[in-house]
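Student: Here is how the chains run, residue by residue.
2 protein chains.
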Amino acid sequence: MLPWQLPGEAAEELDRAVTELGLRGVLLAGRPGDTFLDDPAYRPVLEKITELDVPLYLHPFHPLPQVQQAYYAGLPEEVSTQFSLGGWGWHHEAGIHLLRLILSGVFERLPGLQVISGHWGELVPFYLHRLDHVIPTSISGLEKTVSEIYRSNVWITPSGMFHRAHFEFLRETIGLDRLIWSVDYPYLTLDGTRSFLDGLSLDSAEKHKITHGNAEKLFQL
Amino acid sequence: MLPWQLPGEAAEELDRAVTELGLRGVLLAGRPGDTFLDDPAYRPVLEKITELDVPLYLHPFHPLPQVQQAYYAGLPEEVSTQFSLGGWGWHHEAGIHLLRLILSGVFERLPGLQVISGHWGELVPFYLHRLDHVIPTSISGLEKTVSEIYRSNVWITPSGMFHRAHFEFLRETIGLDRLIWSVDYPYLTLDGTRSFLDGLSLDSAEKHKITHGNAEKLFQL
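Heads up: the protein sequence lines correspond to chains A and B, in order.
For the first sequence, my numbering gives the first residue as 1, with consecutive numbering after it.
For the second sequence, my numbering gives the first residue as 1, with consecutive numbering after it.
To be clear, the hints were calculated from the coordinates, so they are not data collected in a lab.
A portion of the hints provided could be inaccurate.
Because identical chains cannot be distinguished in the list, a pair is counted as satisfied if it fits within a single copy or across any two copies.
[Said to hold, decoys possible] Simulated crosslink set (SDA-like; lysine to any residue; CA at most 20 angstroms straight-line):
1) K217 <-> T189
2) K207 <-> L142
3) K144 <-> E77
4) K144 <-> L75
5) K207 <-> T173
6) K217 <-> P186
7) K207 <-> D132
8) K207 <-> L75
9) K207 <-> D38
10) K207 <-> V134
11) K144 <-> S80
12) K207 <-> R171
13) K144 <-> Q69
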């Protein structure tokens, strides 16, 4: 966790955390403020993350209040709350966050920046095909398509959502080189992991990749 | 199209359109106002749609301005525009619209109400598993789970998005009884339909369903 509100100090603290303490990555829960990390204010931190070659995990958090009000309010209180959080809203906002990084060209300026996206990619993988169609490079002004950037700079974890259809969609569209098995302890635990994985018809090289090989590579373990 | 802003008149006009003119369904582009159709103001129209046994197509449209500003603004102008429309934003808002109908209990009050959701379901099918987990009936207060309501009251069309991974996900999670082939003329046409369908390994009964049988049933053609 970094003091993102002070980007210069955040970059310094990251340097200390990685080079002195040996930490292997950065986690951001939601936004540091009203804007997302495509805001040029955060450029020094993203540059430092890239320079140190540690991944950035975009963890979901409470959506912006104006979105909460517009999309999730007005239902029974607990329904509104869960709909805006783990049911939908915070996943969606984490997906928006990642898409803004892609569309603003952050990964073309910092091609080494690697981002982790949980919960099978926070909805994004399921519309990459659409994004490529509606926002081609002729509109985005980027050298690569949205899905090409995604496959170069994003790693996906299931966050304990054991659902075979998600896995199969990701295997088909992204492949297994960027999939890192994870649960969501203590909410979702390792219970059921073995039987889930055993049901996926993975060969041993594939199982090696998603259960530890990809993580070892990304975190340089 | 109905004058939704005047729900009483909208219900009357729908009656005339169906019983006198023989029309077979209702299309709504976006929201009639600042709220979605779970707003009790629209109850008379939804009741009339159900009574007349015609489906309601929730077509995407421009997202609410506060969401547009919070999530899609600040990128190059044409990128912001497409991101907020056909690239993501309007699909997402159409998905939110449907989820609000489900979570507010509209389909438990009106179990006969049938809704059509385009573009492979506007993101919703890809998180039904999550919604069931995070908003179970003990929280929603509904008799059926979100995905059970979805499979009883929603019909899905691809809207010309020819992508095998989407089709396979839907076949696996929803089945083929509520899938209606569609393009998005004049933007996406029938070009490529035959080769796409031929590549899906459908038997003739399945092909019959999605290319015309399901539509004939839903629209009583």
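Student: Would you mind marking each hint as holding or not holding in the structure?
Tutor: Structure-based check of each hint:
no.: 1; hint: K217 <-> T189; verdict: neither (23 angstroms within a copy, 44 angstroms between copies)
no.: 2; hint: K207 <-> L142; verdict: neither (34 angstroms within a copy, 39 angstroms between copies)
no.: 3; hint: K144 <-> E77; verdict: between (43 angstroms within a copy, 19 angstroms between copies)
no.: 4; hint: K144 <-> L75; verdict: between (41 angstroms within a copy, 17 angstroms between copies)
no.: 5; hint: K207 <-> T173; verdict: within (18 angstroms within a copy, 24 angstroms between copies)
no.: 6; hint: K217 <-> P186; verdict: neither (25 angstroms within a copy, 47 angstroms between copies)
no.: 7; hint: K207 <-> D132; verdict: neither (30 angstroms within a copy, 28 angstroms between copies)
no.: 8; hint: K207 <-> L75; verdict: neither (42 angstroms within a copy, 39 angstroms between copies)
no.: 9; hint: K207 <-> D38; verdict: neither (35 angstroms within a copy, 45 angstroms between copies)
no.: 10; hint: K207 <-> V134; verdict: neither (35 angstroms within a copy, 28 angstroms between copies)
no.: 11; hint: K144 <-> S80; verdict: between (38 angstroms within a copy, 18 angstroms between copies)
no.: 12; hint: K207 <-> R171; verdict: within (12 angstroms within a copy, 26 angstroms between copies)
no.: 13; hint: K144 <-> Q69; verdict: neither (35 angstroms within a copy, 26 angstroms between copies)
Checked against the numbered hints above, the structure breaks hints 1, 2, 6, 7, 8, 9, 10, 13 and satisfies the rest.
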